[in-house]
Amino acid sequence: MRDWAANWQLPEPDKRIIASLKSDDILADMATAMKDWTGPIKAGDVAEIDAAKAVLEQIVAQDEPSKEQLAKIQADAKAALQKMTAPELSLDDAINLAKASLTEVKAQTEYQDQKATRLLTVTTFLSALSGALFASFSASYPLELIDRLATGWRLVLIGAYLTFVLFVLAAVAGALVTFHATRTRFKYSKEATAKRQAGQTRSFLFFREMIGVSPEGWAKSFVEVGQGGPVIRPQLKEEYFKNYVMESYLVAAKTADKLRYLGPAQSLLAWALRCLLLFVILITLIQAYVAKQPAVPTQVKLLWPEKPVAADVDLIQLPARTDGSDSKATGHPTSTHVRVHVQGSR
1 MRDWAANWQL PEPDKRIIAS LKSDDILADM ATAMKDWTGP IKAGDVAEID
51 AAKAVLEQIV AQDEPSKEQL AKIQADAKAA LQKMTAPELS LDDAINLAKA
101 SLTEVKAQTE YQDQKATRLL TVTTFLSALS GALFASFSAS YPLELIDRLA
151 TGWRLVLIGA YLTFVLFVLA AVAGALVTFH ATRTRFKYSK EATAKRQAGQ
201 TRSFLFFREM IGVSPEGWAK SFVEVGQGGP VIRPQLKEEY FKNYVMESYL
251 VAAKTADKLR YLGPAQSLLA WALRCLLLFV ILITLIQAYV AKQPAVPTQV
301 KLLWPEKPVA ADVDLIQLPA RTDGSDSKAT GHPTSTHVRV HVQGSR
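In terms of the numbering used here, the sequence shown opens at residue 1 and continues consecutively.
Don't take every hint at face value.
Using 20 Å as the maximum straight-line C-alpha spacing, the simulated PhoX-like pairs for lysine-lysine come out as follows [to be verified]:
no.	residue 1	residue 2
1	K254	K99
2	K292	K307
3	K115	K254
4	K220	K242
5	K237	K99
6	K106	K301
7	K254	K237
8	K106	K242
9	K242	K99
10	K67	K78
What follows is a list of derived Cβ distance ranges for each label pair [said to hold, decoys possible]:
no.	residue 1	residue 2	range
11	I73	I232	49 to 55 Å
12	T124	A288	56 to 62 Å
13	K307	T151	56 to 62 Å
14	N96	A132	51 to 57 Å
15	S138	T103	47 to 53 Å
16	L155	T103	55 to 61 Å
Keep in mind that the hints were calculated from the coordinates and are not lab data.
We put the CB at the ideal spot given by N, CA and C, even for glycine.
Given the sequences, and given the hints that come with them, work out the whole structure.
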């Protein structure tokens with residue numbers, strides 16, 4: 001199973017289909033496919049399936065049927081299947097089925113967005129952690145330490161720096177591709193004219209087409225003026241059905257287009273995690289067997305002034321305390337001028 005998954009490739013027809021999803025001709029193709037969807041949309045007659053249910057109950061009821069019983073069950077099942085036809089579907093049923101398709105493809109694209117968000121969250125956390133590790137490591141083992149190390153440890157130190165750089169590049173590239181895959185993009189035309197804004201909306205589900213018409217045009221999309229006054233448009237259900245079918249296909253196209261980029265993005269993020277793991281292993285070995293660079297002592301130098309410095313000093317004379325003296329006695333401040341002269345100064 002693993003070998004099959006590793007050697008599996010997308011068939012050429014599917015590749016062509018996914019590549020064509022980027023074309024803006026999708027809307028024209030869908031409109032052409034649905035141009036004959038006018039008038040009442042009906043289906044075939046209904047056939048009961050009680051015979052099929054009876055066959056299933058007969059199979060379940062018998063633990064180990066004989067060959068004759070199995071032959072009879074098979075004959076009954078074959079006869080029941082021949083009688084089965086597609087159930088009749090009303091337009092409301094068709095709308096519900098199209099709505100279910102739209103819900104499913106929306107769930108798929110939302111799932112891909114959530115998966116991309118989880119990957120970016122993990123990458124962000126690990127990037128912050130690796131940044132702190134690299135800051136501490138580079139302070140203790142800078143590249144200037146290479147000259148003092150043996151040849152093997154030189155390669156290990158250089159490898160640690162290179163793996164961190166590769167991790168950063170792969171993580172950033174994976175994040176950029178993920179953002180590109182989950183960006184907001186639409187297949188609808190951006191053309192907006194005064195005539196279009198005054199007319200009916202082209203979609204009852206897509207927000208850009210809703211706000212692309214005026215409030216009057218949006219109202220006319222639901223109601224039209226008849227002889228007896230405003231009435232609901234008789235084609236409203238059919239329009240909703242067409243919109244559900246079209247939107248399901250467009251969202252599915254967006255999901256397929258998104259997967260074209262999320263695959264490489266996940267590969268880049270996976271390589272970033274591999275580089276991070278190798279970086280952690282290398283810095284652990286270096287810290288375990290290589291001495292840190294000795295800290296440079298801070299030099300303190302006392303500078304003497306070249307000329308005498310004048311300073312005003314306030315002195316407070318405190319009285320001597322003896323037994324029985326007044327506890328409220330306080331010192332009296334005195335002001336004096338002190339001229340500081342350093343011996344040997346010019």
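A quick look at each hint next to the structure:
1. K254 - K99: holds (17 Å)
2. K292 - K307: violated (45 Å)
3. K115 - K254: holds (16 Å)
4. K220 - K242: This hinted pair holds, its Cα atoms lying about 18 Å apart.
5. K237 - K99: holds (12 Å)
6. K106 - K301: Given pair K106, K301 is violated - Cα atoms ~72 Å apart, limit 20 Å.
7. K254 - K237: violated (26 Å)
8. K106 - K242: holds (17 Å)
9. K242 - K99: Since the Cα atoms of K242 and K99 sit roughly 11 Å apart, the hinted pair holds (cutoff 20 Å).
10. K67 - K78: holds (16 Å)
11. I73 - I232: 49 to 55 Å: Check passed, 52 Å falls within 49 to 55 Å.
12. T124 - A288: 56 to 62 Å: violated (29 Å)
13. K307 - T151: 56 to 62 Å: holds (58 Å)
14. N96 - A132: 51 to 57 Å: holds (54 Å)
15. S138 - T103: 47 to 53 Å: Holds: the Cβ-Cβ distance is about 52 Å, inside 47 to 53 Å.
16. L155 - T103: 55 to 61 Å: holds (56 Å)
Going down the numbered hints, you'll see the structure goes against 2, 6, 7 and 12, while the others check out.
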